[in-house]
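Chains as they are written, first to last, in my numbering: chain A, 1 to 310; chain B, 1 to 317.
Derived by calculation from the structure, the hints in this document are not laboratory data. There may be inaccurate statements among the hints.
Below are the SDA-like pairs computed for lysine to any residue, each with C-alpha atoms no more than 25 Å apart in a straight line [to be verified]:
no.	chain 1	residue 1	chain 2	residue 2
1	A	K282	B	A221
2	A	K95	B	L117
3	A	K95	B	L294
4	A	K282	B	Y98
5	A	K185	A	T158
6	A	K185	A	A197
7	A	K282	B	L294
8	A	K185	A	K282
If you want the building blocks of each chain, they are given just below.
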Amino acid sequence: VQQVLNGLAIGSVYALFALGYTLVFSILRVINFSHGAVFTLGAYFTYALTGGAFGFNGLLANAQLPFGLPFPIALLLGSILAGLAAMLIERLAFKPLRVRGADPLLTLVSSLGVAVLIVNVIQYLVGAELYTFPDEIYSAFPAAVNFGAAANPAPVRTTQVIMFVVSLLILIALTWFINRTRTGKALRAVAEDATTASLLGIDTDRLILLTFFLSGFLGGMAGALVGSSVSIPGPYFGIAFGLKGLAVIILGGLGSIPGAVVGGLVIGLAESFVPGQYVAYKEAVAFAFLFVVLLIRPQGLLGGTLQRKV
Amino acid sequence: MADFLATYGSLIVSMVLAAMLGLSLYLPLMSGQLSLASAGFYALGGYIAAILSTRVFVSADGTYPLGLLLVEMVIAGFAAGLLAVPVGILALRLRGIYLALATIAFVEILRVLSLNLDITGGAIGIFGIPQPFGSQIEYLWVAGPLLILTMLFLYRLERVRTGRALIAIREDELAAEAIGINPFFHKVLAFTLSAVLAGCIGALSAHVLNTWNARQGTFDASISHLAFVLVGGSRTFAGPVAGGMLLTFLPEALRALAGIAGLPDWLVQFLKDGRIIIYGLLIVLGAINFPQGLLTPAMFKRRRAALAPAIDGSQVD
């Protein structure tokens with residue numbers, strides 16, 4: 001039971017994060033490799049906003065904001081900042097190529113460049129050391145929640161529970177937004193066919209910006225949640241997480257929103273069931289999944305059939 | 001001169017090695033396939049050389065026999081090629097983004113394995129790899145000819161049937177298939193050649209660097225190899241060579257710039273530590289402004305075209 005619950009918790013964050021990839025992919029048909037870097041940004045923004053101090057390395061050595069926000073507000077603000085950063089990335093690294101109608105692989109490369117850039121700027125500014133969120137952010141709750149019987153305890157750390165609940169709320173809100181609102185409908189129209197959508201009077205450019213904001217918001221929030229649950233082990237953790245997110249969306253099917261959720265939960269659960277003596281190989285689980293799924297069913301679990309256009 | 005070689009010997013050797021790593025990524029790109037697997041084969045080759053030279057071919061005297069280094073390179077290249085055939089057969093059924101992702105996954109799986117196996121020394125890696133030469137610059141005796149041979153090979157390849165088939169696949173896979181080229185076979189071939197090259201360079205690099213660990217075969221390494229090709233130009237084999245050399249030389253040049261007196265502190269610090277930031281910036285700017293890279297085939301053709309009327313004119317006279 002404990003493993004299942006832990007798996008669901010981490011899986012829900014994977015889903016949250018992977019949805020950021022999915023949104024951008026469904027609109028632009030490119031994989032945004034800078035998403036992992038935005039994840040890192042979200043974690044660092046939130047850390048800074050809670051009043052966390054930075055270490056002695058980097059340009060901003062020992063810097064600290066003069067105030068510390070309560071964690072929920074910091075989480076929200078940090079994610080919004082990450083969303084804004086994603087919008088900036090869209091304007092600087094995606095739009096110039098899109099306007100020219102460049103090869104999608106070139107866009108992929110450009111977003112990779114952005115990822116490398118952001119991660120190293122962070123490292124340059126605040127160093128590569130491990131940052132742990134202050135303990136008191138969750139002090140209103142007990143350290144662990146017992147989901148088992150008293151005789152057969154199945155304790156799950158509160159941070160995991162919060163991760164799960166927050167991810168679930170965001171996922172529900174996002175589903176509502178996409179399926180029930182006018183803007184959501186417009187988004188789906190652009191994803192279906194951008195040209196037709198723009199002929200129908202939908203401002204494609206603005207919707208792309210919105211998509212990047214949402215994607216960055218989701219990525220940043222996932223980063224902050226993971227960072228607050230364990231710690232921020234350095235700027236590169238976003239890249240590693242970003243690669244795992246790719247495994248999630250490939251598993252679920254590129255561009256499929258339910259697919260991203262299912263993929264996230266499957267990989268989260270698979271990782272939490274890795275037996276103790278092989279725990280060092282946990283990192284490889286997602287990539288093994290990725291490789292195998294690509295070979296057997298490249299369209300993913302819930303993706304439609306792939307068409308090869310001439 | 002001796003001073004210069006002593007100071008910059010290792011830089012020159014790394015520039016040559018980087019040029020070949022760029023070429024290793026260029027080979028699958030010739031057939032239009034973006035594969036990032038080179039870093040994995042490079043790491044594999046390095047581990048093979050490191051293990052062989054520290055455990056199998058242990059020699060008593062000070063310098064390591066050069067012949068054994070060459071043997072290691074052959075073994076590493078062979079092993080990389082042997083692994084590349086099944087991986088290529090599986091992965092090259094995919095195209096575009098899917099192929100790039102599958103090769104990233106392959107590199108990551110190899111990295112996690114090398115971090116956890118005993119024989120690869122875990123996170124610490126393998127150190128104290130014996131040196132066949134007294135100084136770094138002497139590695140050029142191996143790396144230089146290897147680069148020249150590789151370039152000659154590619155020069156010929158672009159002009160023979162197999163190479164032209166690869167280029168045809170890059171330009172239009174369907175049309176190539178229609179005129180009787182087997183795209184799958186040629187893609188796997190290019191992928192395998194790329195792996196053999198990466199394995200050989202890995203074996204050599206392990207000796208040059210003296211130590212080998214999981215950091216050599218990471219996603220980051222894949223990205224810098226990709227930067228070599230993209231900055232240099234992905235349409236002619238001269239591109240990756242120029243790109244690899246330039247991007248390896250750049251940080252040293254920046255470090256030298258940092259030595260200029262009177263620069264503000266932050267700039268000096270940035271020039272010293274900001275290497276990868278500049279890489280990232282170059283990749284973005286390159287993709288947006290120079291999608292063809294620094295060197296394009298047209299440059300070489302234009303020169304020939306410019307010469308042609310001059311020759312004609314002299315004949316008229």
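The hints, checked one at a time:
Simply put, K282/A and A221/B have alpha-carbon atoms about 22 Å apart, close enough for the 25 Å limit, and the pair holds. Straight-line distance between C-alpha atoms of K95/A and L117/B comes to about 44 Å, which puts the hinted pair past the 25 Å bound. At most 25 Å may separate the alpha-carbon atoms for a hinted pair to count; K95/A and L294/B meet this at roughly 22 Å. As the CA atoms of K282/A and Y98/B are separated by approximately 23 Å, the hinted pair is consistent with the 25 Å bound.
At most 25 Å may separate the alpha-carbon atoms for a hinted pair to count; K185/A and T158/A exceed this at roughly 36 Å. The hinted pair formed by K185/A and A197/A meets the criterion: a straight-line CA distance of about 11 Å does not exceed 25 Å. For the proposed pair K282/A and L294/B, the alpha carbon gap of about 41 Å is over 25 Å, so the pair is violated. Among the hinted pairs, K185/A with K282/A is inconsistent with the structure: their alpha-carbon atoms are about 39 Å apart, more than 25 Å.
In summary, the numbered hints that this structure violates are 2, 5, 7, 8.
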